[in-house]
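In the order they appear, the protein sequences are chains A and B.
So for the first sequence, the UniProt record's numbering puts the first residue at 1; every next one is plus one.
So for the second sequence, the UniProt record's numbering puts the first residue at 1; every next one is plus one.
Honestly, the hints are just simulated from the structure, not real lab data.
Don't take every hint at face value.
Quick partial rundown of chain A residues pointing at chain B, CB under 10 angstroms, derived from the structure [unchecked claim]: (1) 31; (2) 35; (3) 40; (4) 136; (5) 196; (6) 257; (7) 260; (8) 264; (9) 301.
Residues of chain B placed beyond 12 angstroms of chain A at every Cβ, according to the derived structure [as the list claims (entries may be wrong)]: (10) 9; (11) 30; (12) 45; (13) 66; (14) 196; (15) 230; (16) 234; (17) 241; (18) 251; (19) 303.
Covered, in the sense of this in silico footprint (three residues per stretch, anywhere, with C-beta under 8 angstroms from a C-beta of chain B), are these stretches of chain A [said to hold, decoys possible]: (20) 44-51; (21) 269-275; (22) 303-313.
For every residue, glycine included, the Cβ atom is placed at its ideal position computed from N, Cα and C.
There are 2 protein chains.
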Amino acid sequence: MHRLLAQARAGRPRAVGRLVSLVEDDDPRLPELVRALAPGSGRAHVVGLTGAPGVGKSTTTTALVTALRAEGLVVGVLAVDPSSPFTGGALLGDRVRMQEHALDRGVFIRSMASRGHLGGLAAATPAALRVLEAAGCDVVLVETVGVGQSEVEVSACADTTCVLMAPGTGDAVQVAKAGLLEVGDVFVVNKADRDGARSLVRDLRTMVSLGSPAEATREPGSPWRPPVVQTVASTGEGVGELLAAVRAHRESQQASGGWQRRRRRRAREEIEALALARVRRRFRTLTGAPLDRLAEEVGDGRLDPYTAAAALLDGAPTREGPRGRSAGGAE
Amino acid sequence: MHRLLAQARAGRPRAVGRLVSLVEDDDPRLPELVRALAPGSGRAHVVGLTGAPGVGKSTTTTALVTALRAEGLVVGVLAVDPSSPFTGGALLGDRVRMQEHALDRGVFIRSMASRGHLGGLAAATPAALRVLEAAGCDVVLVETVGVGQSEVEVSACADTTCVLMAPGTGDAVQVAKAGLLEVGDVFVVNKADRDGARSLVRDLRTMVSLGSPAEATREPGSPWRPPVVQTVASTGEGVGELLAAVRAHRESQQASGGWQRRRRRRAREEIEALALARVRRRFRTLTGAPLDRLAEEVGDGRLDPYTAAAALLDGAPTREGPRGRSAGGAE
């Protein structure tokens with residue numbers, strides 16, 4: 001483990017990949033790894049890229065990598081796939097477009113599925129980010145594969161979240177319905193050379209300026225107003241402006257204190273997810289399989305699930321100690 | 001509450017709607033409600049409908065409602081929207097296609113968002129199903145809105161899961177990648193009159209017969225082989241065959257014991273979700289806001305999240321009792 005960590009710190013891609021695998025699998029050595037990584041972590045700017053399939057997330061990611069590499073920065077790409085039963089390996093095979101960066105020692109590309117991690121995305125993503133940071137990444141691009149709630153969850157791991165859209169892949173109302181208006185720090189209309197781009201930009205600007213849901217969840221008192229940037233990621237057009245907007249967001253956040261508040265909120269979610277994963281693990285390793293017995297009674301309609309949940313907690317204290325008052329009675 | 005419950009049992013739609021709202025909001029009276037509903041629950045056949053946007057889930061649901069109503073059965077429709085920040089009301093407005101059933105006293109239609117429920121979908125959906133059962137539903141159709149992991153989660157609440165596809169909305173490989181091959185008990189190729197339907201049916205049949213992932217998660221020793229049914233839901237074509245396949249699945253499951261095993265597994269997940277929600281609630285109501293303090297330390301890189309999680313559990317025992325050995329040391 002320590003050898004692996006030393007190799008990852010030296011920027012050896014294979015070691016980085018193996019450490020992310022430990023995260024995916026919720027390996028028993030993970031706490032030790034994270035403890036070793038924690039001091040000094042938090043240096044990299046974590047940029048989330050999210051949006052419906054077909055908007056050009058991979059192409060935009062690749063274009064951003066090219067731009068960042070041109071400045072000599074070390075870049076990590078974490079493609080998070082919360083819904084797939086397949087692990088990273090399979091997905092990596094698809095990422096043909098990333099091949100131009102495959103041999104670059106300053107780029108680390110890794111896919112991650114989170115099914116194996118009891119703490120889910122909220123626990124797995126920050127741990128993987130720490131690995132990429134340890135490898136020296138200045139910026140980590142977190143790209144979500146798939147859609148749905150997971151998109152919103154992944155954005156919670158980013159310092160700056162870019163919400164991507166493109167003409168013909170849904171309108172601004174759908175973005176709002178998916179809850180993405182609330183999480184976007186920068187909105188990107190990709191494929192801006194296509195029909196319908198102009199009206200998409202206009203609709204987005206209107207919705208962002210109305211901004212009621214965004215105001216509620218974004219840092220209170222933040223002076224940041226999410227811009228709408230136009231790109232043609234396949235040609236690189238507008239990618240410089242996108243990068244400038246992402247950096248302007250960081251500066252604004254750091255000046256307002258929002259940066260630190262958001263990182264603390266992320267830490268809060270990570271801690272909670274790890275604590276809950278630990279409780280869940282205890283449920284499953286209780287002797288006498290009380291969860292199975294309770295499930296039988298609830299499944300057959302002999303017991304209600306709330307009483308069963310209280311009994312389960314009663315049998316699985318989160319810390320050791322003599323049996324006291326029942327959890328059922330205490331609430 | 002008891003009056004509301006009595007009204008719901010008498011089939012009053014407004015009371016049913018209000019009880020589902022209690023579920024959505026994780027109302028403090030929910031345990032009481034679920035305790036009252038638990039005895040005798042489990043009568044209805046819960047049928048999940050899942051698939052990518054555009055495959056015709058709503059149209060298929062409507063066609064199934066028509067077919068079931070023709071037999072005089074009482075039908076519930078639960079449209080679960082895990083990703084939307086909007087609650088049921090807003091969505092119901094969209095469901096123009098359902099209007100033909102809106103005045104039918106034998107049909108209960110309700111959308112449900114689950115963001116308000118600390119236990120998430122795993123806890124909210126079974127509670128909503130119990131409400132619809134209490135209203136007398138013989139069959140409840142659970143339709144997911146949106147895509148992603150949530151689809152797979154919702155299917156976990158169904159006795160029989162129908163995975164829908166249509167020509168032009170993605171191929172069989174995408175269904176496999178979304179993890180839907182594993183959860184399908186019946187596969188439906190809707191819009192079967194369109195180009196590409198035949199090859200879609202063929203591909204699906206091949207993948208289902210290969211069926212390696214399905215075998216792993218489906219009931220061991222189950223004699224059920226998921227059929228591929230073709231429908232044109234908008235005209236009602238094939239809907240009778242679909243209903244027959246759904247019922248054949250129930251009979252096969254009941255004969256093999258898979259029915260009961262699956263319901264117990266669902267109960268297991270529900271209990272666990274409720275127990276974890278309770279732990280989470282305790283984290284958030286701890287005096288002295290230790291979670292905020294720990295998040296600050298982890299966010300600033302002064303503490304690692306695993307040690308923080310252990311400290312959080314140490315301060316928030318799941319049952320009352322004198323302080324014993326620390327949870328951190330016990331694992």
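Violated hints, by number in ascending order, as checked against the structure: As far as the earlier hints go, 4, 5, 6, 11, 19 and 20 are violated by this structure, in ascending order.
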